[in-house]
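Enquirer: Protein chains in written order, with the working numbering: chain A, 1 to 114; chain B, 1001 to 1277.
The set of hints was computed from the structure by calculation and includes no laboratory data.
In this text the structure is predicted, and so the values were computed from the model without any measurement.
Among these hints, one or two may not hold up.
[Said to hold, decoys possible] Some chain B residues close to chain A (C-beta under 8 Å, calculated; not the full set):
#1 Gly-1215
#2 Glu-1218
#3 Thr-1220
#4 Phe-1224
#5 Gly-1235
#6 Leu-1238
#7 Ile-1242
#8 Glu-1243
[Claimed, not checked] A few chain B residues that don't get close to chain A, going by computed Cβ distances all over 12 Å:
#9 Lys-1021
#10 Asp-1069
#11 Glu-1078
#12 Lys-1079
#13 His-1126
#14 Asp-1140
#15 Gly-1157
#16 Leu-1158
#17 Pro-1159
#18 Tyr-1163
#19 Pro-1193
#20 Lys-1216
#21 Ser-1246
#22 Asp-1257
#23 Glu-1263
Glycine residues also receive a C-beta, built at the ideal position from the N, C-alpha and C atoms.
The residues making up each chain are set out below.
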Amino acid sequence: MIKRDLTVGQPPQNSASADRWRPKRRSDLTYRTIEGEAVILNREEGRLHQLNRTASFIWDCCDGTATISEIVNRFIDAYEIDSVTARQDVTTVLSQLQNSNLFVSVRCNKAIEE
Amino acid sequence: MSLIELSVFGCAIRAECTDEKAESLLNNIYFSFKRPVKHPHISYLCARDKKSDRLLIERIGACPKIAHDDSEFLHLFEKDVTVETQKLRPDLYFVHAAALVLEGHALALVAPAGHGKSTTAWGLLHRELKYLSDELAPIDLTKLEVHPFPHALCLKGLPPADYPLPKTTIYTARTAHVPADCLPSETTLEMMPLKAIFFLRFNAAISRPALKPVGKAEATVRLFTNALNPLAHSGEGLDAAIEVVSRVRCFELVSSDLQLTSELIRSAFLKNISGRN
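Required output: the full structure, derived from the provided sequences and hints.
Expert: Laid out in structure tokens, this is it:
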């Protein structure tokens, strides 16, 4: 029996799950922020990502300590937008980053048995 | 047998040619690099393979490579020189670019192969810009200067009819090479300060070229993806790219008609170096 972390689909949408997931950047990536925009080098996959300013702000928050709700709150403070829009933006960006395989595995509630 | 001795970015290269065709190609293509060499850093033997009757190139200490035609022979030689000089000069940031000079300042046309760097350079050489490099523009990161790499300008296709190639052009199976001493403008053999980068993309479907400034992050990405030795530098090459784009103006250029494209680059560069907007 192999238990593994699950990294699929969208980040958790409901607040309970959102408070459990603490997105964390992969430590093997090289990234730099230039004029507020992050450039991320994923050597393993031979990919280079450029994020806009808002995505870069969210990326910067993904140090493995902040939950999605906390990131949303920081985002609201920085950009002075309403919470619905902020949550939508944050989850969209996190989805894209996750789909681009830029986070370490996400620990969800259940493990898969194989 | 003939010895061809070259100096490329301060690296001494010696090619011993036992085949007349190989000798003639190297002599004409690398005319501007010829210097007497006492102790070569890199040595080659260029000969004709007796079995296949094809040109072969052997770097001393490496396996010989057989070229299917003269075009591949030049490609193999230059590719090997490029890789070996990168090892000898890891301090330089090697970028896939053409570079030209106007009023003592260099501009780089950066793009992957086949995006019109050399053709655009050919157009600019008709507009008083001097020739500095083609295909390869190694950047000294401390001084932010571009090293000359003035091999014969290599065109993969014929330029428009109003920009004809000279009679001295060397045609191979797939390429046309205009020797540096046959260009419509002078060749610069000194390092030149880099002032602007144009990220080039050819689009035959548009009637007029389009130029726009690009931000530093985007420029970093574009420069990095055209760098040949990023891993020789800190931050896996990202820091060097940032360093360069932070100190020069960067533009995206969608090129079309050669005359209009050349005029647009020239005027944008002149504005840039004179500080006008």
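Enquirer: Which of the numbered hints are not met once you compare them with the structure shown?
Expert: 8, 20 and 21
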